[in-house]
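Each protein sequence line maps, in turn, to chains A and B.
End of the first sequence = 166 in full-length UniProt numbering, gap-free, step of one.
End of the second sequence = 672 in full-length UniProt numbering, gap-free, step of one.
Hints may be right or wrong, so weigh each one.
[As the list claims (entries may be wrong)] BS3-like cross-link-like pairs, simulated, lysine-lysine; straight-line CA separation at most 27 Å:
id: 1; chain 1: B; residue 1: K142; chain 2: B; residue 2: K108
id: 2; chain 1: A; residue 1: K74; chain 2: B; residue 2: K445
id: 3; chain 1: B; residue 1: K510; chain 2: A; residue 2: K116
id: 4; chain 1: B; residue 1: K36; chain 2: B; residue 2: K16
id: 5; chain 1: A; residue 1: K41; chain 2: A; residue 2: K5
id: 6; chain 1: B; residue 1: K511; chain 2: B; residue 2: K521
id: 7; chain 1: B; residue 1: K511; chain 2: A; residue 2: K116
id: 8; chain 1: B; residue 1: K400; chain 2: B; residue 2: K381
id: 9; chain 1: B; residue 1: K445; chain 2: A; residue 2: K94
id: 10; chain 1: B; residue 1: K521; chain 2: A; residue 2: K115
id: 11; chain 1: A; residue 1: K116; chain 2: B; residue 2: K509
id: 12; chain 1: B; residue 1: K537; chain 2: B; residue 2: K522
id: 13; chain 1: A; residue 1: K115; chain 2: B; residue 2: K142
id: 14; chain 1: B; residue 1: K108; chain 2: B; residue 2: K8
Worth flagging that the hints you see were computed from the coordinates, not collected in a lab.
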Amino acid sequence: MRLEKCWFCSSTVYPGHGIQYVRNDAKIFRFCRSKCHKNFKMKRNPRKVKWTKAYRRLHRKDMTQDSTFEFERKRNRPERYDRNVTENTLKAIKKIDKVRVDREARHIAKRLKPKKAQLQREAARELEQSISMVKAPGALLRDPSLTLPIKVKVSKPETVENRMEE
Amino acid sequence: MVQYNFKKITVVPTGKEFIDIILSRTQRRTPTQVHKGYAISRLRQFYMRKVKFTQQNFHEKLSTIIDDFPRLDDIHPFYGDLLHVLYNKDHYKLALGQINTARNLIGKIAKDYVRLLKYGDSLYRCKSLKVAALGRMCTVIKRVTPSLAYLEQIRQHMARLPSIDPNSRTVLICGYPNVGKSSFMNKITRAEVDVQPYAFTTKSLFVGHTDYKYLRYQVIDTPGILDRPFEDRNIIEMCSITALAHLRAAVLFFLDISGSCGYSIAQQAALFDSIKSLFMNKPLIIVCNKTDLQALEGLSEDDMKLVMEMKSEAMKTLVGQGGEATDGSNVLLTMSTLTEEGVIAVKNAACERLLDQRVEQKMKSKKLNDCLNRFHVAMPKPRDQKERPACIPQSVLEAKAKQAEVDAEKEKRKLERDLENENGGAGVYSASLKKRYILAHDEWKEDIIPEILDGHNVADFLDPDILMRLEELEREEGVLQGLEEDDDFEMDGAELTPEEQAALTEIRKKKSLLIQQHRIKKSTAESRPTVPRKFDKDKKFTSERMGRQLSSLGLDPSMAIDRARSKSRGRKRERSTDGVEFMDVDGDKQNKKMRLKSRSRSRSMSRPPGEVVPGEGFKDSAQKKKAIKIAKSSSKNRNKEARRGEADRVIPTLKPKHLFSGKRSTGKTDRR
Chain A
1 MRLEKCWFCS
11 STVYPGHGIQ
21 YVRNDAKIFR
31 FCRSKCHKNF
41 KMKRNPRKVK
51 WTKAYRRLHR
61 KDMTQDSTFE
71 FERKRNRPER
81 YDRNVTENTL
91 KAIKKIDKVR
101 VDREARHIAK
111 RLKPKKAQLQ
121 REAARELEQS
131 ISMVKAPGAL
141 LRDPSLTLPI
151 KVKVSKPETV
161 ENRMEE
Chain B
1 MVQYNFKKIT
11 VVPTGKEFID
21 IILSRTQRRT
31 PTQVHKGYAI
41 SRLRQFYMRK
51 VKFTQQNFHE
61 KLSTIIDDFP
71 RLDDIHPFYG
81 DLLHVLYNKD
91 HYKLALGQIN
101 TARNLIGKIA
111 KDYVRLLKYG
121 DSLYRCKSLK
131 VAALGRMCTV
141 IKRVTPSLAY
151 LEQIRQHMAR
161 LPSIDPNSRT
171 VLICGYPNVG
181 KSSFMNKITR
191 AEVDVQPYAF
201 TTKSLFVGHT
211 DYKYLRYQVI
221 DTPGILDRPF
231 EDRNIIEMCS
241 ITALAHLRAA
251 VLFFLDISGS
261 CGYSIAQQAA
271 LFDSIKSLFM
281 NKPLIIVCNK
291 TDLQALEGLS
301 EDDMKLVMEM
311 KSEAMKTLVG
321 QGGEATDGSN
331 VLLTMSTLTE
341 EGVIAVKNAA
351 CERLLDQRVE
361 QKMKSKKLND
371 CLNRFHVAMP
381 KPRDQKERPA
391 CIPQSVLEAK
401 AKQAEVDAEK
411 EKRKLERDLE
421 NENGGAGVYS
431 ASLKKRYILA
441 HDEWKEDIIP
451 EILDGHNVAD
461 FLDPDILMRL
471 EELEREEGVL
481 QGLEEDDDFE
491 MDGAELTPEE
501 QAALTEIRKK
511 KSLLIQQHRI
521 KKSTAESRPT
531 VPRKFDKDKK
541 FTSERMGRQL
551 SSLGLDPSMA
561 IDRARSKSRG
571 RKRERSTDGV
581 EFMDVDGDKQ
591 NKKMRLKSRS
601 RSRSMSRPPG
611 EVVPGEGFKD
621 SAQKKKAIKI
631 AKSSSKNRNK
641 EARRGEADRV
651 IPTLKPKHLF
661 SGKRSTGKTD
671 RR
């Protein structure tokens, strides 16, 4: 039993899922669900469809090459069973996974970091410019900290006095 | 081969059929429509084509008939004679000749009429010419009808003739009727010839095949021959005579020594004498049949003498052929087809004799020398007395021995199947497939090998030094993480404090509010009238509001509110003191000015409810108030019960006629 990769979106196809299409030139296309299959039939290029891994790798949104990827290599010749090797491999898989996931997260954070810095700068500027909308310059002079003034209720003036009684 | 297979002759149709076939073909294959308005050359062409086409078809079909039927001079004389015997050579030739003339006649007719058609001047003329041509051709065929019928009969009979190859080994069986020729035939071949007690059961030649020394022999059964002068013989007898005459075969002359065929030995001997000329150059064997009824030794003297005479005749032929010294055992044989004794011996003897004769002839012919030159078997001559046996290398001998061992082992080793049967059979016991695994340690055999872990295939990761690589990876990771922390550290300075954050959210809220309001104003701008600020419906420009907004900004609004209020009209007393000082002459003007100045005039104010207006008829305010109360109480209950009141809308007629009647000029009146 093997877990395959979906040709379109590169997600894993578990046994009992998806469709395999064998073309006349004997190339096999595996799909994880009908969404990918239908996209394929529409002749869409996965490199142009935003949500696929192919697109993300191509546009450097996800990690492209890393030493963790080299651990996973499809072998065509089966290896003879060795208990110790298998044990070690199982332990290693878990650790490698952790490393890989961390690295991917870091990659994405790095990608998003410049934007964050920019956002912070913009926020600071906006604050500086428009603080007068919530705190009058007079109040600022008195109290330079940025705590906002508490809203005070102003009493109603007596209207009876204003009216002219005849 | 054409020689002996007449099955390939095409069917000869009858005269009428022939005409039908050809004419319908003409109709189908040539264009059918013609108009009198066409050009004359086109009309002529049309009809000429029809005539020519018909003639060609006749020619073709008649030619095939003539070619298919064999020419008696060209085929093997045996068949030639046979056909003559059966069908009369002359009649046959005549029939074919008639067909030939018919063919030529038709050709001539067609030629003539085509010549005439070239000068046809109207559609009608051309058409009648064509009709005449075709009619004459058909008449020719009609005249030939009996020949066609005769040829068809012949064809059918010829197809059923036995396919005898005159050149291969043949054994011929002849003798009086009912002597046992057909029974013998049935015994040695697979042919199932009729055997009946009456004479002339076999009416024509029958062929069977038998094997001897890996060679195929044809065995021909002939109808019985009676002792008659040659001219008196009927067709059936002539068949056998022809066969005897032309085929180079071994002849088995059958003799019924018991006389149960109805003819005595004397008669049979007489027959033998009369046809002995036909036995020239053929190996002859006298076969005494029906020995179960009468043994050869038990014959009377005269009969015995006759038999011996026949035998001596036969011997003569033998001497003529091979020149072998014989004892006559191969010439005179006894058998009984009923008890089957001697049958095989007879067959063997006949085949042997024939084979010898044929071999002799071949040896004498020139062709054999060419064959002989090609054979040569070389044998090495021994040069000394030393023994030189075949040499087999030692390894081969060992391998052979080992193989023998393995075979022996295979026979006595325990199979998986036996194991299965022991442990309960196919459904109960499932063979352990892991039994024969070759692993480093045997206790690993029963391990469940993991294939999938956490969405990965374990097989893709298998590597003996994976731990080493993993260590490297972790070291790398550690280094990377260190770098990461340094980067993160730099970034921390630019964060906003919670206060700043709160301020920012407020700013953004306010901004979005302004934007929303502006958008509403923009969208309703076209339909909303621009009204000056003093008519503000929503009371947006009140001093309280201003006060609230200013205080929310952190300023003290009291001074601003006062300023706003001071802009409005002061009190009457304040104002009036100024006015009295300057103008006390003009009382009216002053009042007017004051009236104009007073702000309260710009707004109409409603009267208080209990105010007495002169003209209504009330004494004082209390009275008015009571009256109002009474008036209200009358409608109070009605209102509470939500009943229809005076002010509620009333539909006087629910179904006014003008709305519910009348036709429409266009459309339906479903909806009203």
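Going down the list of hints, with the structure as the test:
1. As the CA atoms of K142 of chain B and K108 of chain B are separated by approximately 17 Å, the hinted pair is consistent with the 27 Å bound.
2. About 25 Å separates the Cα atoms of K74 of chain A and K445 of chain B, which keeps this hinted pair within 27 Å; it holds.
3. Of the pairs offered as hints, the one joining K510 of chain B and K116 of chain A holds, with about 24 Å between alpha carbons and a cut-off of 27 Å not exceeded.
4. A hinted pair counts as satisfied when its Cα atoms are at most 27 Å apart, and K36 of chain B with K16 of chain B does not qualify at roughly 32 Å.
5. For the proposed pair K41 of chain A and K5 of chain A, the alpha carbon gap of about 18 Å is at most 27 Å, so the pair holds.
6. Distance check on the hinted pair: K511 of chain B and K521 of chain B sit about 15 Å apart at the alpha-carbon level, within 27 Å; holds.
7. This hinted pair checks out: K511 of chain B and K116 of chain A have alpha carbons roughly 22 Å apart, not beyond 27 Å.
8. Taken as a hint, the K400 of chain B and K381 of chain B pair is broken in the structure, with Cα atoms around 33 Å apart against an allowance of 27 Å.
9. Taking the CA atoms of K445 of chain B and K94 of chain A, the gap is near 25 Å; set against the 27 Å cutoff, the hint holds.
10. Proximity of K521 of chain B to K115 of chain A is assessed by CA-CA distance (about 35 Å); at most 27 Å being required, the pair is judged violated.
11. The suggested pairing of K116 of chain A with K509 of chain B holds, with an alpha-carbon distance near 21 Å, which does not exceed 27 Å.
12. A C-alpha spacing of about 18 Å is found between K537 of chain B and K522 of chain B, which places the hinted pair at or below 27 Å, so the restraint holds.
13. Among the hinted pairs, K115 of chain A with K142 of chain B is inconsistent with the structure: their alpha-carbon atoms are about 111 Å apart, more than 27 Å.
14. Between K108 of chain B and K8 of chain B, the direct Cα distance comes to roughly 30 Å. Violation of the 27 Å bound is thereby established for this hinted pair.
Consistency with the previously given hints fails for numbers 4, 8, 10, 13 and 14, ordered from lowest to highest.
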